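As they're listed, the protein sequences go chains A, B and C. Using our numbering, the first residue of the first sequence is number 1, and each one after it goes up by one. Using our numbering, the first residue of the second sequence is number 1, and each one after it goes up by one. Using our numbering, the first residue of the third sequence is number 1, and each one after it goes up by one.
In case anyone wonders, no lab produced these hints; they're calculated from the structure. Do not rely on the hints blindly, as some may be mistaken.
To be verified - Which stretches of chain A does chain B cover? Using the computed rule of at least three CB atoms under 8 Å from a CB of chain B, they are:
| hint | segment |
| --- | --- |
| 1 | 76-90 |
| 2 | 94-103 |
| 3 | 106-117 |
| 4 | 219-227 |
| 5 | 249-263 |
| 6 | 268-275 |
Unchecked claim - Quick list of simulated restraints, FRET-style, between CB atoms:
| hint | chain 1 | residue 1 | chain 2 | residue 2 | range |
| --- | --- | --- | --- | --- | --- |
| 7 | A | V133 | B | G75 | 50 to 56 Å |
| 8 | A | K158 | C | G11 | 48 to 54 Å |
| 9 | B | V162 | A | H54 | 53 to 59 Å |
| 10 | A | I163 | C | E137 | 55 to 61 Å |
| 11 | B | S134 | A | W275 | 39 to 45 Å |
| 12 | C | L114 | A | P113 | 57 to 63 Å |
| 13 | C | L114 | B | R271 | 40 to 46 Å |
| 14 | B | W126 | C | R74 | 37 to 43 Å |
| 15 | B | P6 | C | N109 | 37 to 43 Å |
| 16 | B | V14 | C | E140 | 57 to 63 Å |
| 17 | B | V14 | C | S113 | 31 to 37 Å |
| 18 | A | G2 | B | L94 | 38 to 44 Å |
Stated by the list, open to error - So these bits of chain B aren't anywhere near chain A, every CB distance computed over 10 Å:
| hint | residue |
| --- | --- |
| 19 | R4 |
| 20 | A13 |
| 21 | V87 |
| 22 | V144 |
| 23 | A161 |
| 24 | T200 |
| 25 | G235 |
| 26 | A254 |
| 27 | M302 |
The model shown is predicted, which means the values in this text are computed figures rather than measured ones. We put the CB at the ideal spot given by N, CA and C, even for glycine.
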Amino acid sequence: MGQLVVNGLALGSIYALVALGLLLIFNTVQIVNFAQGQLLMLGAFIGITGAVTHELPVAVAWAVTMLAMALIGVVFMVLVYFPLRGRPPFLVILTTIAMGIVLENLALIIWGPLPVSLPSPVHGAPLRFFGVVISMHQLFIFGTLAVILLLQFLMLNKTRFGILMQATAQDLHTARLVGIPVNRTIAVAFAFGAMLSGIAGLLVAPIFLAEPTMGGSLGLKGFVVSVIGGFGNLPGAVIGGLFLGLIETFGARYISSNFRDAYAFIVMIAVLVAWPRGLFGEKSSEKV
Amino acid sequence: MNNRIPLALGAIAVLAIPLATHDGYIIQLLNIAILNAIVVLGLNFATGWTGQINFGQAAFYGLGAYTTAIATKAGVPWIATPFLSVVIVTAASLVLGLPTLRLRTYYLAMTTIGFGEIIRLIIVHWEPVTGGTSGLRAIPGISVFGLAPQGQIQHYYLLIAVLALAVLVAVRIRQSSLGRAMIATKDSEIAAEQSGVDTTRIKLLAFMIGAIYAGLAGCLYASSIRFISPDSFSGTQAVLLMTMLIVGGMGSIAGCIIGAVVLTILPEALRFMGQWYLVLYGLGVIAVIVMAPGGLASVASMIRMRQASPR
Amino acid sequence: MSERPIIAARGVTRRFGGLLALDSIDLDIPRGIVQAIIGPNGSGKTTLLNALSGASHADAGSIRIDGTEVFGLRPHRIARLGLARTFQTIRIFTNLSVLENVEVAAACNRPGSLFDVVMANARQRSGEAEIERSAREALEIVGLGGRADDRAAQLPYAQQRLLEIARALAAKPDVLLLDEPAAGMNMTESMTLLDTIAKLKARGLTILLVEHNVRLVMGISDRVAVLDFGRKIAEGTPVEVQRNPHVIEAYLGRRHRHA
Numbered sequence: 001m002g003q004l005v006v007n008g009l010a011l012g013s014i015y016a017l018v019a020l021g022l023l024l025i026f027n028t029v030q031i032v033n034f035a036q037g038q039l040l041m042l043g044a045f046i047g048i049t050g051a052v053t054h055e056l057p058v059a060v061a062w063a064v065t066m067l068a069m070a071l072i073g074v075v076f077m078v079l080v081y082f083p084l085r086g087r088p089p090f091l092v093i094l095t096t097i098a099m100g101i102v103l104e105n106l107a108l109i110i111w112g113p114l115p116v117s118l119p120s121p122v123h124g125a126p127l128r129f130f131g132v133v134i135s136m137h138q139l140f141i142f143g144t145l146a147v148i149l150l151l152q153f154l155m156l157n158k159t160r161f162g163i164l165m166q167a168t169a170q171d172l173h174t175a176r177l178v179g180i181p182v183n184r185t186i187a188v189a190f191a192f193g194a195m196l197s198g199i200a201g202l203l204v205a206p207i208f209l210a211e212p213t214m215g216g217s218l219g220l221k222g223f224v225v226s227v228i229g230g231f232g233n234l235p236g237a238v239i240g241g242l243f244l245g246l247i248e249t250f251g252a253r254y255i256s257s258n259f260r261d262a263y264a265f266i267v268m269i270a271v272l273v274a275w276p277r278g279l280f281g282e283k284s285s286e287k288v
Numbered sequence: 001m002n003n004r005i006p007l008a009l010g011a012i013a014v015l016a017i018p019l020a021t022h023d024g025y026i027i028q029l030l031n032i033a034i035l036n037a038i039v040v041l042g043l044n045f046a047t048g049w050t051g052q053i054n055f056g057q058a059a060f061y062g063l064g065a066y067t068t069a070i071a072t073k074a075g076v077p078w079i080a081t082p083f084l085s086v087v088i089v090t091a092a093s094l095v096l097g098l099p100t101l102r103l104r105t106y107y108l109a110m111t112t113i114g115f116g117e118i119i120r121l122i123i124v125h126w127e128p129v130t131g132g133t134s135g136l137r138a139i140p141g142i143s144v145f146g147l148a149p150q151g152q153i154q155h156y157y158l159l160i161a162v163l164a165l166a167v168l169v170a171v172r173i174r175q176s177s178l179g180r181a182m183i184a185t186k187d188s189e190i191a192a193e194q195s196g197v198d199t200t201r202i203k204l205l206a207f208m209i210g211a212i213y214a215g216l217a218g219c220l221y222a223s224s225i226r227f228i229s230p231d232s233f234s235g236t237q238a239v240l241l242m243t244m245l246i247v248g249g250m251g252s253i254a255g256c257i258i259g260a261v262v263l264t265i266l267p268e269a270l271r272f273m274g275q276w277y278l279v280l281y282g283l284g285v286i287a288v289i290v291m292a293p294g295g296l297a298s299v300a301s302m303i304r305m306r307q308a309s310p311r
Numbered sequence: 001m002s003e004r005p006i007i008a009a010r011g012v013t014r015r016f017g018g019l020l021a022l023d024s025i026d027l028d029i030p031r032g033i034v035q036a037i038i039g040p041n042g043s044g045k046t047t048l049l050n051a052l053s054g055a056s057h058a059d060a061g062s063i064r065i066d067g068t069e070v071f072g073l074r075p076h077r078i079a080r081l082g083l084a085r086t087f088q089t090i091r092i093f094t095n096l097s098v099l100e101n102v103e104v105a106a107a108c109n110r111p112g113s114l115f116d117v118v119m120a121n122a123r124q125r126s127g128e129a130e131i132e133r134s135a136r137e138a139l140e141i142v143g144l145g146g147r148a149d150d151r152a153a154q155l156p157y158a159q160q161r162l163l164e165i166a167r168a169l170a171a172k173p174d175v176l177l178l179d180e181p182a183a184g185m186n187m188t189e190s191m192t193l194l195d196t197i198a199k200l201k202a203r204g205l206t207i208l209l210v211e212h213n214v215r216l217v218m219g220i221s222d223r224v225a226v227l228d229f230g231r232k233i234a235e236g237t238p239v240e241v242q243r244n245p246h247v248i249e250a251y252l253g254r255r256h257r258h259a
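If we strip away everything but chain A, and leave its shape as in the complex, we get (with noise of 0.2 Å):
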């Protein structure tokens, strides 16, 4: 049961980065973006692609996966995000889901239908405490999350720059009217918000293969373990991630595998029939 523990965790950490980078984007500009999980599955393959189709060394590969995935998300933003300011929500839904398509599609045109497998980049035996067995990898996936959150809290509230983002974050225009660089926020904020998800990509291949349709469920397990952890909030999406990731494990081992899927949907439900608005409440209701 302890492995189950274990794996469950691990599962977490990568549901969690997933959300945190979905987050990431929609405390700045308040979109839900649909396409997370396609951005997970392009770090994946670029990272594929440079350390087994040319042979980079992990390292390099890695920072050479994540300067793309920057590069990406700004051109996301160009493409989603400016032509989309202002359109009521449901519309930005189906935008960010059309872009996950068209995504999702050019990776089958680059890299074909089948699963590749990516090395992690940590080698080593496992550790090995009462009976359960925690590999190198595994460690790797707490560490870096350990250390990303940590990055991501002293960047928001020691660096000048975090603060600016918060600021723009809670309100856009007067931000813009105090002369903060607005549109250079939110850039950073889909860049990295890109970045968090091919991270999680490179951390999931090793585990699972990586295929180009992986992104779909992958994505709609980020918004889940959102709206479990409240939405918008950093905290509670570490702790939502991680509380899915053992319940998928759990549930797959006791209940049933093939409706693996399904437990993160039912957990969300209830959630939301309990606490309609969300864990933290949600912007988009009417005022009266």
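Given the coordinates of chain A, assemble chains B and C onto it according to the supplied hints.
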């Protein structure tokens, strides 16, 4: 009423199509387009008029299809299947509709997506009954007291008649207090409530009527195409249906039909493009949303307005 | 002749987090008068209207419309009991025509059956005819009869406000709540509004008016209640209230209290 003449011409053209081509493949494609149009008309009630995002419409389509296929293969006379489909689909729409009444936008989208996924997983994994991923073949066809349409062309005319009925009901709803209440709920839920509209009842009703449209279309799909698989009713299909609604023109009855026909025929016509079709499709949807959010139906009226104004 | 007040509110209280928006408000509104509610910004006027109409429920208190307790009821039920309202920010149905906007409210007490609609039977047709007649009548009263078939979104601002009033009228209310109906109107438009309100009063409607425009308020109101920081600080005829030192201080003192 200058709408009557183009409408009559259009009706004649539609009825004459099977005279122009006997290609069974094309007619079957059109039949699928007509069925999709009925489903999109259903989607329009909840999403187009009442403003409730619904990515679960494909699931209702599938429920109707599978109910019919399973029932007829088990020997149930065809005449009972539309009723069975309606019952199942109405129950399902309440299961989805009731918890989602107080949800908005993103949460509503996600919940309906989740519902669709759960239904799909059930269909895929309940192999002994649903045939799993391979689907169900050799589904018995439509048969009412011994009368059965033979061949794609007869099905075509039958489906056109059903579509006409679906349009008639939709028009009647639009021109009644029910239709106005739906649109009012979307435009301003609070003002609608203060004007005496029970918005909860309206949302549920719109959902249910939409689900019934999809369920009946599914029943006909199973009985006329005679082969179904989970792929035809997946989340991707749900997105496709939504884009048919948007591209055609959300809220417009004609738009539903235009969008369904265009986006059913296009992938076949552009089959030579392979995977690139979907890339183009995605970019095309974005282009429509950005440049003509009222869809193709609004393009038509924009052209009409340009011609009308004496500049 | 102690007739029951058409609206009787007791102890209506509303909190937003730590802020007490309404502090145990008591208000009686006799039938057939024009009652104004005035007060500085943030005094709770719209919150009170929302509580009365059910749009945003109060936390505590009793609200009776013609003797029937309506606290906690959903807005559409309160509407069917005879209370209609307009909004501070215009909320017309932009995707409907002017006539259809009003018809929505005209169907207020006629929920209609799906079966009738689908069958388009005689009962449906006569019901629709009645709704249309009722709606056109309401449009005539506010002077918008000629624009019935226009898209509601195309109306100029002041006429959209009149449309909201027509829509509220079509619900055949006993009480009409008007939330800053003169906002954004010029002199001529305000005078038209004043005439319309007088016309409505003459038809027996009771009108509850929330307004900033002092001239409008004093010109048409029979009684005035003044709110400040969620509390009712004065009540009486327009002249009495104008002279009340607490009222003067509430309006003037504001300038010094706020940064």
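Hints, one by one, checked against the model:
Coverage of the segment 76-90 of chain A by chain B holds in this model, with 7 residues showing a Cβ closer than 8 Å to a Cβ of that chain against a need of three. Three residues within the 8 Å Cβ limit are the bar, and the segment 94-103 of chain A against chain B gives 8, so the coverage statement holds. Using a Cβ-Cβ cut-off of 8 Å, 3 residues of the segment 106-117 of chain A lie near chain B, which meets the minimum of three, so the contact claim holds. Counting residues of the segment 219-227 of chain A whose CB lies closer than 8 Å to any CB of chain B gives 4, so the stated coverage by that chain holds, three being the minimum.
Remark: the segment 249-263 of chain A is confirmed as covered by chain B, as 4 of its residues place a Cβ nearer than 8 Å to a Cβ of that chain, reaching the required three. A stretch counts as covered by a chain when three or more of its residues have a beta carbon under 8 Å from one of that chain; for the segment 268-275 of chain A and chain B the count is 4, and the coverage holds. Checked against the given bound of 50 to 56 Å, the beta carbons of V133/A and G75/B, roughly 54 Å apart, stay inside it. Separation of K158/A from G11/C is about 49 Å and conforms to the stated range, judged on CB atoms against 48 to 54 Å.
Distance hint for V162/B and H54/A: a CB-CB separation of about 57 Å, consistent with the stated range 53 to 59 Å. Under the hint 55 to 61 Å, the C-beta atoms of I163/A and E137/C, about 59 Å apart, fit the expected range. Roughly 41 Å separates the CB atoms of S134/B and W275/A, a value that falls within the hinted 39 to 45 Å. Distance hint check for L114/C and P113/A: the Cβ-Cβ separation is about 47 Å, which falls outside the suggested range of 57 to 63 Å.
Checked against the given bound of 40 to 46 Å, the beta carbons of L114/C and R271/B, roughly 42 Å apart, stay inside it. For W126/B and R74/C, the hinted distance range of 37 to 43 Å is satisfied, since their beta carbons lie about 40 Å from each other. A hinted range of 37 to 43 Å for the beta carbons of P6/B and N109/C is consistent with their spacing of about 40 Å. The supplied range of 57 to 63 Å is broken by V14/B and E140/C, whose beta-carbon atoms lie about 43 Å from each other.
V14/B and S113/C have their C-beta atoms about 32 Å apart, which keeps the hinted 31 to 37 Å range intact. Distance hint check for G2/A and L94/B: the Cβ-Cβ separation is about 42 Å, which falls inside the suggested range of 38 to 44 Å. The beta carbon of R4/B is kept farther than 10 Å from every beta carbon of chain A, the shortest such distance being approximately 34 Å. A13/B, annotated as away from the interface, keeps every beta carbon of chain A farther than 10 Å; the closest lies near 31 Å.
The claim that V87/B is not at the interface with chain A holds, since no C-beta of that chain comes within 10 Å of its own (minimum 23 Å). Chain A leaves V144/B outside its interface by the beta-carbon criterion, the shortest separation being 38 Å against a cut-off of 10 Å. No Cβ of chain A comes within 10 Å of the Cβ of A161/B; the nearest lies about 32 Å off, and the non-interface call holds. At the 10 Å boundary, the C-beta of T200/B stays outside the reach of chain A, the nearest C-beta of that chain being 13 Å off.
Once the 10 Å rule is applied to beta carbons, G235/B is inconsistent with being away from chain A; the minimum gap is 7 Å. Under the 10 Å C-beta cut-off, the non-interface status given to A254/B relative to chain A holds; the minimum distance is some 20 Å. Listed as outside the interface, M302/B is consistent with that label: its C-beta sits roughly 18 Å from the nearest C-beta of chain A, beyond the 10 Å cut-off.
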